[in-house]
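Taken in sequence, the protein lines are chains A and B.
Letter by letter, the first sequence follows residues 1 to 83 in the working numbering.
Letter by letter, the second sequence follows residues 1 to 431 in the working numbering.
By construction, these hints were calculated from the structure, which means they are not laboratory data.
A few of these clues could be false.
[Unchecked claim] Examples of chain B residues toward chain A, derived with CB under 7 Å:
1) Val111
2) Pro112
3) Thr114
4) Thr115
5) Asp146
6) Ser147
7) Val150
8) Asn154
9) Lys359
10) Phe361
[Claimed, not checked] Only pairs whose alpha carbons sit at most 25 Å apart, straight line, appear in this in silico DSS-like list of lysine-lysine:
11) B:Lys431 with B:Lys228
12) A:Lys47 with B:Lys160
13) B:Lys279 with B:Lys362
14) A:Lys45 with B:Lys160
C-beta atoms are modelled at their ideal positions from N, C-alpha and C, and glycine is treated no differently.
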Amino acid sequence: MMDNRIEMQQWVTDTAKEYNVAGVVYEKMQYCECWGGETLFLEPKLKAEGIPMLTVEREEHLANAGQLAIRAEAFIEMIEKED
Amino acid sequence: MAKDTTLEDAVMRGELSVFDFCCQKIDGQIERMTQRNPDLLWTLDIQAVMWHQYRDAQKTGKKLVFFGGPVPVDIIVAFDCIPVYLDTVPIRLSPNPVLTGKFIDSAERFVPATTCGLCKTYLGTLLEDQYGSKPDAFVYSSVPCDSSRVVYPNMERIMKVPTFSFDQPFRRDDRGLEYLVDQTEQFITFMEELTGTKFDWEKMKRCMTIANRTYELQGKCADLRKRKPCPLPGRMLVLNGTSNAMACFPEMGDLLEKELETGEMLSELGMGPCPDGEKHRVALLQNMLWSFSGAMDWMEKEHNTVTVMDAFGYQHGEIYEHMDDRHDCMKTMARKMQNSPMIHGAAGPSENFVYLVDKIFKEYEPDVSIFLGHIGCKHTWASAKMVTDMIQDRYGIPSLYLDVDGIDGRYKSQDEITGALGQYFETVVDK
Numbered sequence: 001m002m003d004n005r006i007e008m009q010q011w012v013t014d015t016a017k018e019y020n021v022a023g024v025v026y027e028k029m030q031y032c033e034c035w036g037g038e039t040l041f042l043e044p045k046l047k048a049e050g051i052p053m054l055t056v057e058r059e060e061h062l063a064n065a066g067q068l069a070i071r072a073e074a075f076i077e078m079i080e081k082e083d
Numbered sequence: 001m002a003k004d005t006t007l008e009d010a011v012m013r014g015e016l017s018v019f020d021f022c023c024q025k026i027d028g029q030i031e032r033m034t035q036r037n038p039d040l041l042w043t044l045d046i047q048a049v050m051w052h053q054y055r056d057a058q059k060t061g062k063k064l065v066f067f068g069g070p071v072p073v074d075i076i077v078a079f080d081c082i083p084v085y086l087d088t089v090p091i092r093l094s095p096n097p098v099l100t101g102k103f104i105d106s107a108e109r110f111v112p113a114t115t116c117g118l119c120k121t122y123l124g125t126l127l128e129d130q131y132g133s134k135p136d137a138f139v140y141s142s143v144p145c146d147s148s149r150v151v152y153p154n155m156e157r158i159m160k161v162p163t164f165s166f167d168q169p170f171r172r173d174d175r176g177l178e179y180l181v182d183q184t185e186q187f188i189t190f191m192e193e194l195t196g197t198k199f200d201w202e203k204m205k206r207c208m209t210i211a212n213r214t215y216e217l218q219g220k221c222a223d224l225r226k227r228k229p230c231p232l233p234g235r236m237l238v239l240n241g242t243s244n245a246m247a248c249f250p251e252m253g254d255l256l257e258k259e260l261e262t263g264e265m266l267s268e269l270g271m272g273p274c275p276d277g278e279k280h281r282v283a284l285l286q287n288m289l290w291s292f293s294g295a296m297d298w299m300e301k302e303h304n305t306v307t308v309m310d311a312f313g314y315q316h317g318e319i320y321e322h323m324d325d326r327h328d329c330m331k332t333m334a335r336k337m338q339n340s341p342m343i344h345g346a347a348g349p350s351e352n353f354v355y356l357v358d359k360i361f362k363e364y365e366p367d368v369s370i371f372l373g374h375i376g377c378k379h380t381w382a383s384a385k386m387v388t389d390m391i392q393d394r395y396g397i398p399s400l401y402l403d404v405d406g407i408d409g410r411y412k413s414q415d416e417i418t419g420a421l422g423q424y425f426e427t428v429v430d431k
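Use the sequences and the hints to build the structure in full.
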């Protein structure tokens, strides 16, 4: 989380490939900047491997479940269309 | 007459760099002040020097070193490089929420919205490629701030320039200082490789001498604020931050010398910035409200309340004492780093911050306490209760908590801020 970003992002990408995932959901949690700043390099890295990534920002409590569900649904539809 | 926004519009379109914008803005201000109020030109000189230096360094063959957090800037200057304090960019842009908003919005595509506005602005400026110059090196410190912990490493990867990162220790004892001294020696090697020159102790001594003058004068200006009435306006406190980048340049001392001279003169006349005389003295805790420093003018004008000091810790900086003793100087530099804003307040142990605030209340004798909390600075918010409880217990002064965004003016309008401050004065302070 702190200084191992390149390795961590490589691990995420390798694991996604290993498990043959169709997409990655990346959650940015409000007030958690350390975890929340990975998209800048992780998203293009996954994209280069043909793995789409959905980024959502949520609060710690369940505040925007409906909105998140709609975005997740749209993401799944996009993946299914690509398949 | 409508305000001329030609420069702002050009930045918004991506046609004008931030460094160019700042240079042209300050040049315009100097031109206007030369005509209308030449006696106050000295308040602008330091900004003109700094921004032109940022913009023109590479044209004159000097290397540009971007830096964030507390780092040994004196060494960068001793290598004849120009240090660019990243915080100066958001601070300069923040009075214009539209402009700042462009860079903040750009950064929020990649970092949480709750990230500090300072960090979002300098990341956004880089993402938009609008600094105007590519740095030759980047130096940063592991400020105990989640926002910078994510933004600095990302900037390092985007810039792809030689980078050095300092690790700030939690401990404030001799072991902690030696830990920083050790890294500073490694940093000197880094700078030697970057510049292709050897570290010249004579040059370093010249830088330290200038820095000493700056911090001695800054201390005297701070002491002047203890007088009643306080002769200097709160707004002058904002300029203290400039010393982070400019302490080793004589122009910073020149500014402070003039500030001291003016303050002494006003003090002899019994004058201060409040039009109807000083009624209250306020200490501002936590960060500076850069996006609306006019709030301090407003308090002076509307409530005859002068901001005597802030809790940034710019009262009395560390002074180099034994300039022929390299190790002693490195330790002074380490102490400077540990006493820098952010580190002193947020790095812990919390006793340091409580001690600093206690000292402000003891020495400057404010009767109003306002915790103007920058929302992005969660680490100093964490100490709010400890600090304000201490003020209540020892001085019997309640504190107002007011959440603001020191950089992003869209968070709370100026009317909302003065509204909240006004209510506090009416219902608590003046009651």
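Results of checking the hints against the structure:
{"no.": "1", "hint": "Val111", "in the structure": "holds (4 Å)"}
{"no.": "2", "hint": "Pro112", "in the structure": "holds (4 Å)"}
{"no.": "3", "hint": "Thr114", "in the structure": "holds (5 Å)"}
{"no.": "4", "hint": "Thr115", "in the structure": "holds (5 Å)"}
{"no.": "5", "hint": "Asp146", "in the structure": "holds (4 Å)"}
{"no.": "6", "hint": "Ser147", "in the structure": "holds (5 Å)"}
{"no.": "7", "hint": "Val150", "in the structure": "holds (3 Å)"}
{"no.": "8", "hint": "Asn154", "in the structure": "holds (5 Å)"}
{"no.": "9", "hint": "Lys359", "in the structure": "violated (31 Å)"}
{"no.": "10", "hint": "Phe361", "in the structure": "violated (30 Å)"}
{"no.": "11", "hint": "B:Lys431 with B:Lys228", "in the structure": "holds (22 Å)"}
{"no.": "12", "hint": "A:Lys47 with B:Lys160", "in the structure": "holds (21 Å)"}
{"no.": "13", "hint": "B:Lys279 with B:Lys362", "in the structure": "holds (18 Å)"}
{"no.": "14", "hint": "A:Lys45 with B:Lys160", "in the structure": "holds (17 Å)"}
When held up to the earlier numbered hints, the structure conflicts with 9, 10 and fits the remainder.
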